[in-house]
Structure formats: C-alpha cells, structure tokens
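Please take these sequences and the hints and turn them into a complete structure.
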Amino acid sequence: MKTNEMPGRTIARQEMEPPMDVQHFERITSFIEARLTPLFAAETGSDNGFAMDDTSRALRALRNAVLEASAVKGLIEKRETAEPAVRRVIDQSVEHHWDVLRGIARQWEDHADFAREFKRHAWELDTAPVAAAQ
Numbered sequence: 001m002k003t004n005e006m007p008g009r010t011i012a013r014q015e016m017e018p019p020m021d022v023q024h025f026e027r028i029t030s031f032i033e034a035r036l037t038p039l040f041a042a043e044t045g046s047d048n049g050f051a052m053d054d055t056s057r058a059l060r061a062l063r064n065a066v067l068e069a070s071a072v073k074g075l076i077e078k079r080e081t082a083e084p085a086v087r088r089v090i091d092q093s094v095e096h097h098w099d100v101l102r103g104i105a106r107q108w109e110d111h112a113d114f115a116r117e118f119k120r121h122a123w124e125l126d127t128a129p130v131a132a133a134q
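Residue 4 in our numbering is what sits at position 4 of the sequence shown, and the numbering runs on without skipping anything.
Among the hints, erroneous ones may be present.
Claimed, not checked - Below 25 angstroms or equal to it, Euclidean Cα-Cα: the simulated DMTMM-like pairs (lysine to aspartate or glutamate) are: (1) Lys-73 <-> Asp-113; (2) Lys-119 <-> Glu-68; (3) Lys-73 <-> Glu-33; (4) Lys-78 <-> Glu-26; (5) Lys-73 <-> Glu-83; (6) Lys-119 <-> Glu-33; (7) Lys-78 <-> Asp-21; (8) Lys-73 <-> Glu-117; (9) Lys-73 <-> Asp-99; (10) Lys-78 <-> Glu-117; (11) Lys-119 <-> Asp-99.
Unchecked claim - Using C-beta positions, here's what the derived DEER-type ranges look like: (12) Leu-36 <-> Arg-116: 30 to 40 angstroms; (13) Glu-80 <-> Ala-51: 41 to 51 angstroms; (14) Asp-99 <-> Ser-30: 11 to 21 angstroms.
The set of hints was computed from the structure by calculation and includes no laboratory data. Keep in mind that this is a model prediction, so the values were computed, not measured. Glycine included, C-beta positions come from ideal geometry on N, C-alpha and C.
Laid out in structure tokens, this is it:
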C-alpha cells in the first residue's frame, strides 16, 4: 500500500529508511550558492545585494530561502532515535525542504555543474547510491 503523502514509498520503507542524508543537502546547497554568490557582486548593479532595490531584496529573499531549506542536519540526526510518528513528520519536513531546493536548483538545469540527483524527488534518492548521484 502506498501513502498519499509520499508517492512511491511504502509504509514499511518509510519506517525503516531515512529519506536521504545530509550530503544530498550539502551538494545541492553548494550548487545553488555557487550560482547566487556572483549575483551579489557590485558589477550586477544590485549594490552587492544589500541595497533596498528590488533586485537586492529578491536576491536576499532567495538566499534566505536556500539557507532555511538546507538547515536539516539536526532533523536528520534526530530521526534515528525518534518515535515512529515523529519520524514521519521529520521525513515529511526533510522531503519538503528537498523539494524547495530542487525547485530552485532546477532553474540552472542546463548548467555544467547541475547534477542529476537535483532533479530527483526525495523518495527517489532513497535508492540512489551517493557515488552514482555525483
């Protein structure tokens, strides 16, 4: 029986496997940060992203969204010892954060450094070996 919340994952798999590891988040966050950091340069005309113009505000908002979505290390660490009900909530939270980062990273899908794993849904990363995803 499949769950409605996480297509492709059975309840038994949910209970036994963590949705993904911290390295997935580190890789996608590094990729996005490498795309965003140059946009904070003075040459872009956004006053280094720290002015009050719309471009600067948008850059700050996007960077904040990336940083917030990538801060899952503590959640992933707590998952192993959490009660089953809490574990499901952690899984859903981690998967939501992955989806946020995945959506942002896919804006640069044609970039040479874009990794295939950035297109995958969280439940698809469960079965993808880390070495193959790189």
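Status of each hint after checking the structure:
The straight-line distance between the Cα atoms of Lys-73 and Asp-113 is roughly 23 angstroms, inside the 25 angstroms bound, and the hint therefore holds. A threshold of 25 angstroms between alpha carbons decides the hint, and for Lys-119 with Glu-68 the separation of about 20 angstroms falls inside it, so the pair holds. About 17 angstroms separates the Cα atoms of Lys-73 and Glu-33, which keeps this hinted pair within 25 angstroms; it holds. Distance hint between Lys-78 and Glu-26 is fulfilled; the C-alpha atoms sit about 18 angstroms from each other, no more than 25 angstroms.
A threshold of 25 angstroms between alpha carbons decides the hint, and for Lys-73 with Glu-83 the separation of about 18 angstroms falls inside it, so the pair holds. A distance of roughly 17 angstroms separates the Cα atoms of Lys-119 and Glu-33; the hinted pair therefore holds under the 25 angstroms criterion. A distance of roughly 12 angstroms separates the Cα atoms of Lys-78 and Asp-21; the hinted pair therefore holds under the 25 angstroms criterion. Proximity of Lys-73 to Glu-117 is assessed by CA-CA distance (about 18 angstroms); at most 25 angstroms being required, the pair is judged to hold.
About 16 angstroms separates the Cα atoms of Lys-73 and Asp-99, which keeps this hinted pair within 25 angstroms; it holds. About 24 angstroms separates the Cα atoms of Lys-78 and Glu-117, which keeps this hinted pair within 25 angstroms; it holds. A C-alpha spacing of about 9 angstroms is found between Lys-119 and Asp-99, which places the hinted pair at or below 25 angstroms, so the restraint holds. Between Leu-36 and Arg-116 the CB atoms are about 21 angstroms apart, so this pair departs from the stated range of 30 to 40 angstroms.
Distance hint check: the CB atoms of Glu-80 and Ala-51 are about 44 angstroms apart, consistent with the given range 41 to 51 angstroms. Restraint check, Asp-99 to Ser-30: a C-beta distance of roughly 18 angstroms satisfies the suggested window 11 to 21 angstroms.
Checked against the numbered hints above, the structure violates only hint 12.
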